[in-house]
Amino acid sequence: MRLITGNDLATGDVVWWTGTDWSRHVEQAADAGERAEAIAREEEAARRVNVPYVIAATATADGPRPAHIKDRIRALGPTVRPDLTLKPADPAAGSWVI
Amino acid sequence: MAEEAAYLHFRDDSPHEEPAVTLDSFLADQSNATAVRVEPGDEARALIPHLDRLALIEVSFPSFRDGRGYSTARILREAGYRGELRAEGDVLVDQIPLMRRCGFDSFAPAAPIDAAVLQRSLARYPQPYQKAADGAVPVWKLRHG
Amino acid sequence: MYRYDEYDQSIVDARVDEFRDQVRRRLAGEITEDQFKPLRLMNGLYLQLHAYMLRVAVPYGTLDSRQMRMLAHVARTYDRGYGHFTTRQNIQYNWIRLDQAPDILAELATVEMHAIQTSGNCIRNISSDQYAGAAADEVADPRPWAELIRQWSTFHPEFTYLPRKFKIAVIAAEEDRAAMRLHDIGIRLTRRDGVLGATVFVGGGMGRTPMIAHEIRDFVTADDLMSYLEACLRVYNRYGRRDNIYKARIKILLHEIGPDEYRRQVEEEFAKVKALGIDPPAAELARITAMFAPPAFDPAAAGDVADRSDPDFAVWLDQNVRAHRQPGYAIVNISLKPVGGIPGDASADQIDVMADLAQRYGFDELRVTHAQNIVLPHVRIADLKAVWSALVDAGLAEANLDLISDIIACPGLDYCSLANARSIPLAQKIGERFADPARQRDLGELKLKISGCINACGHHHAGHIGILGVDRKGTENFQLLLGGSGAEDVSLGRITGPGFDEDGVVDAIERVTDKYLEVRETGERFVDTYRRVGMTPFKEAIYG
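Protein chains in written order, with the UniProt record's numbering: chain A, 1 to 98; chain B, 1 to 145; chain C, 1 to 544.
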């Protein structure tokens, strides 16, 4: 599947395209398919996202898993500060990245 | 819609209208021209013997990231050029105060410049740290006279 | 310490106003990200993996307790309670909101701080010797010269769109504690016939093509320094490569035209620039120098001796405390490298503790080091025990200065959008493998430096042991280098051979240190042994 990710312009938060909007949670990311680049351009022009780009991901039971480690770290947070990730209560969350 | 600057000309005379010839043409066979265009990689010092005959030197900025034109401007002003020195091309509003300090007194930006933003930018810094090609008095001079 | 006058303050205040206007225009869509990027970068604002990152300048690494407390305040109020001290003696925050960045700059400006030129293709924060003003071996305090250069380079109209970033270091001792020869311009103050001047080195740097700077001018007096630097930069701005970002640093220009030709061009330009009258008068350097006068040391301290009865304290004294030129005083190094910790990170509370200690025991001065530690440069020997006790309570008393666990590491793939591999987890694993303090001390001075990509922010080329993280088909891979140094014995490390995974590189380091222990001669540091025996024995130990 093809995901669109970028950062919120004002806050800098990592966000994912859900098909209708942007979410901080990769679990809610939707396959943007062939229109991914066009959506990224339109959304950036409307300033609903900053510096969007399209990535490859695989669909899993737990939701989309970005193909590259860099995007998995973006999706979770720094592996060296579990307390600052999106899943601070889950000590095993970091293993999803590797 | 923000108001665009009517013109970006910081001289008492009006903008020179004659089309500029390239530096190579000027040096080769168009030495009668009064306006020359200098590209980033050109050797601006080749113009030094001819400065008093030129009314316009247009310095090209194909990309706002290419800062060679700033040195070009200073070199020409340091050599005594008094004519119109125009920055042309990908010139952004936030760059114009720096360009003014390097000696540019005319601007032909490819994209419109917001006049209000430019006015604020040009008035913002009360004094510079370093002496350059404009007349601004550097801080060290203010401190020590 | 340098203090702003009305001119300095008005310039920094104007910068806050300017950046607020630029952010407003970006949020309103008046400028594109492509146009905004160089503007925000010149104010140290990056867009990193998780958020915006703000890098705040600490000119030549010097700050006072009021400024240090402001850094803690920013960490608490606008970030997530911590900051990361960098190899350019700055601090950066990882979780900044763009819409709050102008407010942060406004707060910093109230304590004479800013983020000007902490990124971008311009002249960056001037770095210096963290022991300036305290070291016995310096010919003068280098910081007044660094301040002079800071002012000259701030919003320099000609050099704000250089081919690439430009880093300058100023030192004043033979011992190089600032990696001076690995800077675009390195300056070493020296005295000739009683006159203070600068030896100028140009064209050093790390990155993907590491090079050691060449001596370009053996002596420039303060009267000529700005003209000379202006000439150095002008030649670079005009002729440095702009066709390839990886070949745009001044070191490549020097490499391509040769140091002799570069020197000739600079001298030619200098002759012209010198006539422009751009050099500040001697009174300006004198004005700045007066602000760096030594603090009011107590002559009665001369007889002080530290009570070494607590063995932990004695170990810390031996490892982290260095001789001061003033009898009765010492230089305290505070390690930000606890075993298992994140190199260079400090919590807001720890930053406050260090500020308190500086105010109470250290003439209100702190330094940030390029090795990502903090220094209290002037502590009375009689106060060392109290300082140490407070550091113990704050988790800041790791006694590992210059040992294998005193690791320089870039933020790596945990934070940085340029990184290919994570640096911090590797630093943590190495720290844990060599956690035994006695074992570390037995290994002696061993500078280990980790970069998470070829840009070399973690100075891996200059590590006695260096590690470079690379991306190998989507997985993290680490190359090992041996024999680098950023000090006065400057050298560039060499790659041992094929790379390793994270655990593999820790094992390889251990085989290297074991080999060192086996073959070292009396008094030899690791890097000395490496230089004597060469790569082969280590290579055999690793891959054999």
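Certain hints may be false.
For lysine-lysine, the following DSBU-like pairs were computed, each having C-alpha atoms within a straight-line distance of at most 30 Å [as the list claims (entries may be wrong)]:
| hint | chain 1 | residue 1 | chain 2 | residue 2 |
| --- | --- | --- | --- | --- |
| 1 | C | Lys247 | C | Lys165 |
| 2 | C | Lys37 | C | Lys165 |
| 3 | C | Lys247 | C | Lys473 |
| 4 | C | Lys274 | C | Lys429 |
| 5 | C | Lys165 | C | Lys274 |
| 6 | C | Lys247 | B | Lys141 |
| 7 | C | Lys274 | A | Lys87 |
| 8 | C | Lys247 | C | Lys37 |
| 9 | B | Lys141 | C | Lys165 |
| 10 | C | Lys473 | B | Lys141 |
| 11 | A | Lys87 | C | Lys429 |
Worth flagging that the hints you see were computed from the coordinates, not collected in a lab.
Of the numbered hints stated previously, which ones are contradicted by the structure, given in increasing order? Numbers 4, 6, 7, 10, in rising order.
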